[in-house]
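Engineer: 1 is the number of the first residue of the sequence shown in this note's numbering; add one for each residue after it.
Hints should not be assumed to be uniformly reliable.
Computed cross-link-like contacts, DSBU-like style, restricted to lysine-lysine with a CA-CA straight-line distance of at most 35 Å [what the hints assert, rightly or not]: (1) K164 with K181; (2) K161 with K181; (3) K162 with K80; (4) K8 with K251.
With beta-carbon atoms standing in for the labels, derived distance ranges [said to hold, decoys possible]: (5) A154 with L210: 15 to 23 Å; (6) W52 with T22: 14 to 22 Å; (7) Y325 with T22: 35 to 43 Å; (8) R92 with R309: 29 to 37 Å; (9) L332 with L210: 51 to 59 Å; (10) E278 with R49: 46 to 54 Å; (11) V110 with P176: 23 to 31 Å.
For the record, the hints were derived by calculation from the structure and aren't laboratory data.
Even glycine gets a Cβ: it sits at the ideal position worked out from N, Cα and C.
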Amino acid sequence: MMRTLYDKLWDEHVVHSEEDGTATIYIDRQLLHEVTSPQAFEGLSLAARPVWRISANLAVSDHNVPTTDRSEGIADPVSKLQVDTLDQNCDRFGITQYKMNDQRQGIVHVIGPEQGATLPGMTVVCGDSHTSTHGAFGALAFGIGTSEVEHVLATQTLLMKKSKNMLVRVEGRLQPGSTAKDIILAVIAKISTGGGQGYVLEYRGEAIRLLSMEGRMTICNMAIEAGARAGLVAVDETTIEYIQGRPYAPKGEALRQALQYWRTLHSDPGAHFDRIVELRAEEIAPQVSWGTSPEMVLPIGSRVPDPERERDPVKRQAMERALQYMGLEPNLP
């Protein structure tokens with residue numbers, strides 16, 4: 001049976017399935033930060049539960065740390081409390097953490113790849129909607145809520161139902177001036193911010209293969225803005241070159257075995273997708289926002305849309321509000 005990349009990742013991590021389609025999924029890596037973890041750790045403490053697999057968790061403060069001189073500490077008391085609480089919880093439960101002044105500290109969805117803690121074939125979760133970023137590495141990555149953060153800490157599993165498969169194929173080469181951000185904005189403009197609901201998106205095609213890992217992270221990051229559960233890119237030599245040599249990446253014989261597996265992480269020829277969306281890269285110009293939603297974008301050189309031409313009254317009203325907020329007039333170049 002031919003399987004998509006998502007099918008393969010899902011099948012590899014199903015611990016148990018119920019008749020209604022609910023499955024217990026094993027989680028390989030949980031990334032923690034200071035905003036969505038305090039109540040999760042508190043729940044463990046109240047129930048006197050330990051962390052099930054300490055080494056599967058990695059924490060970093062990133063939402064409330066200052067971008068100014070950190071030697072002066074955190075001025076806002078609420079932000080300081082959240083950061084201090086994460087420090088205390090990680091110390092108490094023995095979880096590896098990159099604290100505020102650690103050189104490895106950074107945005108949670110950047111430090112995972114930087115450190116090699118995000119690897120192909122993994123399931124990766126975090127209490128943050130843009131966890132889909134890690135899908136660029138051929139990992140099934142998605143955001144979860146605080147109660148689920150606690151559940152993963154306690155059991156290293158989640159209960160969930162499988163999503164549908166959507167293929168986003170972008171063939172051709174981007175024109176000068178267009179970037180990965182323009183690709184995903186063009187996709188969202190085409191399918192809308194709700195078009196990906198119930199799906200995991202797999203990005204494929206020449207334009208995707210030519211992207212750097214940072215570019216792939218960009219398009220997977222914004223799968224959420226399309227309403228999808230996650231975004232994926234198949235593993236190739238660009239992926240492998242990025243990962244090798246990083247602190248958490250396998251080495252020696254473990255790397256050799258990992259490479260054999262990683263190179264299977266692509267959709268099989270003829271695998272079934274529930275929906276296919278196609279774009280030509282050379283037709284994707286730099287995208288410019290005219291409104292208040294990621295789908296409210298147009299190619300540079302276009303004119304501001306006119307709400308009077310929209311038949312749907314709900315969409316027309318949304319367009320009118322957006323233009324008013326942006327201070328734009330219809331039909332302007």
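Engineer: Please go over all the hints and tell whether each is borne out by the structure.
Structural biologist: These are the hints, each one checked on the structure:
{"no.": "1", "hint": "K164 with K181", "verdict": "holds, 24 Å"}
{"no.": "2", "hint": "K161 with K181", "verdict": "holds, 30 Å"}
{"no.": "3", "hint": "K162 with K80", "verdict": "violated, 38 Å"}
{"no.": "4", "hint": "K8 with K251", "verdict": "holds, 24 Å"}
{"no.": "5", "hint": "A154 with L210: 15 to 23 Å", "verdict": "violated, 42 Å"}
{"no.": "6", "hint": "W52 with T22: 14 to 22 Å", "verdict": "holds, 20 Å"}
{"no.": "7", "hint": "Y325 with T22: 35 to 43 Å", "verdict": "holds, 41 Å"}
{"no.": "8", "hint": "R92 with R309: 29 to 37 Å", "verdict": "violated, 59 Å"}
{"no.": "9", "hint": "L332 with L210: 51 to 59 Å", "verdict": "violated, 34 Å"}
{"no.": "10", "hint": "E278 with R49: 46 to 54 Å", "verdict": "holds, 48 Å"}
{"no.": "11", "hint": "V110 with P176: 23 to 31 Å", "verdict": "holds, 27 Å"}
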